[in-house]
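S.K.: Sequence:
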Amino acid sequence: MHRTLRGAATLSLAAALLGSARADAQTATPVSLSATDFTLTLSRVDASGNATVLDADALATYFSLARCACPTNVVATLTLDSAAADSLSSHTIDAQLELGDDCDLATATAPCTSVGPTLTFSSTNGASMQSLQTSAIFAAAGRSSCAAASTSSTRLWAVVRLDGERLASEPSLPLTLGGAGPTAPTGVTTVGADEGLLVSWTSAGDASTLQGYQVLCSPGAATAQAASYDTCPAAQPDGGTGPFASLDPTLLCSGLVPVGTSSVRVHGLVNGQSYQIAVVAVGIDGTPSAPSVPADGTPGPTYGFQDVYQQQGGTAQPGCAVAGGSRAPAGALAALAVALALVLARRRRRRTSLLVLAAVMLPCARAKADPGATPAFPQWLTATQEPAPVASPQAWNVELRFGPYRPDVDAEFSARGSAAHPYADVFGTSNRLMTQLEIDRQVLRRLGGTWAIGVGVGYFRATGAALAADLKTPSGDQTGLRLIPLSAALVYRAETLRERYGSPLVPYAKLGLDCTLWQMSDTSKPSADGRTLGWHAALGVSLDLSVLDREAAHTMDRESGINETALFFEGARYSIDGFGSSTALHVGDTTWSAGLMLAF
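Sequential numbering of the sequence shown, starting at 521, is according to the working numbering.
Incorrect hints may appear among the rest.
Ranges of calculated distance between the beta carbons of each label pair, as one might list FRET restraints [said to hold, decoys possible]: (1) VAL918 - VAL813: 55 to 65 Å; (2) THR983 - PHE922: 16 to 26 Å; (3) ASP606 - PRO694: 29 to 39 Å; (4) PRO694 - ASP601: 54 to 64 Å; (5) THR722 - GLY1081: 50 to 60 Å.
Read the hints as simulated data drawn from the structure, not as lab findings. From the three backbone atoms N, C-alpha and C, an ideal C-beta is built for every residue, glycine too.
Modelling step: build the complete structure from the supplied sequences, incorporating the hints.
M.R.: Here it is as structure tokens:
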């Protein structure tokens, strides 16, 4: 009996001592926390579940009227500094999210409303988070009507308690409730296209506030696009009515159009069906604007350049066509053939060069340099000028040229006595830019100049609106004609005038064969591709720029091997019609070009 009493007394004493030790330990490790030991954030959650922290600018716009009527999820996260978390020991911390102006003051007269359950912490859990709906924020602020237009400022607080006692200062975030959000686009217009519409609008913001724009169609397109804004079908973000009041994503008929672009061609519509079209702006935080004022549009068949060309009687076929009898000047072609034969005969021992010429029409034979003789009379520019240093040998010429171009497609029709002009109907009568690059390999020096064989490539593109059924009215579809001319030519340059007599002007002539690759394109149908053979001849003159600074020209020659830099101007006739083929697209022109030439 006495043993039992002594044992109980011993246990009681041990328990008392243990409790005292715990109290002493807690007293020995006091903790002092403030708002600066915590970080409070709000993050938006997109449709894929990805969270993005809202910065100060986003918090000023995120809780717009659209977020009230169209609730979305946000995540509130309260994080304790790691050093403070390590000092918790047996202390307890919890926090309550509250909305109001002075929730950090226990004696505040204005009521604060709790939002969500209590957040808890421990020495092993230094962060706590809670998912909220934007509607809960509005409800806590007393905003019973989402249609209210007023804007108000408030704060979201994390009221922290350490061992049941409130901190002297509490972390918080400023919020703006009830703002209008992004401004809806204005001036929406539509132009009919084949099974679609070209939709244009006036922008309502810039990249600092917007991601871009999306188009809605009612009825919807065959396949709805994914929404780039936060959605809630059946809600009315603008408090309005009509097919777009809820920004129903099943009506989306375009992807996200980036800021800076104010039109898009939508697809998947039905020809002859009338559609209502609206455009919505998408904020950088996923907030949608109210829809724009709707516009009406009706898709319909359109006719691109290929369609107009064929409807007016064009006979060009995809692929390559050559006439049975050539209309090219016989003398010019014969001269070119003889000249090429002479060059090849002279270089017959250059077996490798012949193989390359056969493959790409660009010889690799080495040209013999002619240092030139002493001028028979003074330099053209000044009689007292010192003789120019002897230039390094030349072997190559590179030309970059630019000029106006208008393919004579309509010549096919005028040759048959037809008044049709499909190219002019679709693209107009203005010239467009032709860009060309030519590389010449000098192969011999005869008749007072250099002879070279050159190859060239160019690029030309004409674009315009496809036509409606009346073949006059521009539609919402785009059509185009692209040309890539390839050529091989015999080139003669009267270089003796420059090398022997110091003339800065050097005339030249070219005669060559061409193959032009063409493509007719249309945004509503597959493209058509083909190629047309032909020939060209050109006369031009180059201006040697060394006359401006001969010493600089000599330095460039010595350091880089470029012994001539010249500007040039030339006139040319391109007869690209398949040598008279009735199934070839006529893409030649008589025009001029100018550019820069380097010789080395």
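S.K.: A range of 50 to 60 Å was offered for this pair. Does it hold for the Cβ distance of THR722 and GLY1081?
M.R.: For GLY1081 against THR722, whose Cβ atoms are near 56 Å apart, the range 50 to 60 Å holds.
S.K.: Is it true that PRO694 and ASP601 lie within 54 to 64 Å of each other by Cβ?
M.R.: violated (21 Å)
S.K.: Honestly, do VAL918 and VAL813 meet the 55 to 65 Å range at C-beta?
M.R.: holds (57 Å)
S.K.: Taking 16 to 26 Å as the hint, is the beta-carbon distance of THR983 and PHE922 inside that range?
M.R.: For PHE922 against THR983, whose Cβ atoms are near 18 Å apart, the range 16 to 26 Å holds.
S.K.: Does the Cβ distance between ASP606 and PRO694 fall inside 29 to 39 Å?
M.R.: Once the Cβ atoms are compared, 30 Å apart, the range 29 to 39 Å for PRO694 and ASP606 holds.
Hint check: a violation occurs at hint 4 only; the rest are consistent with the structure.
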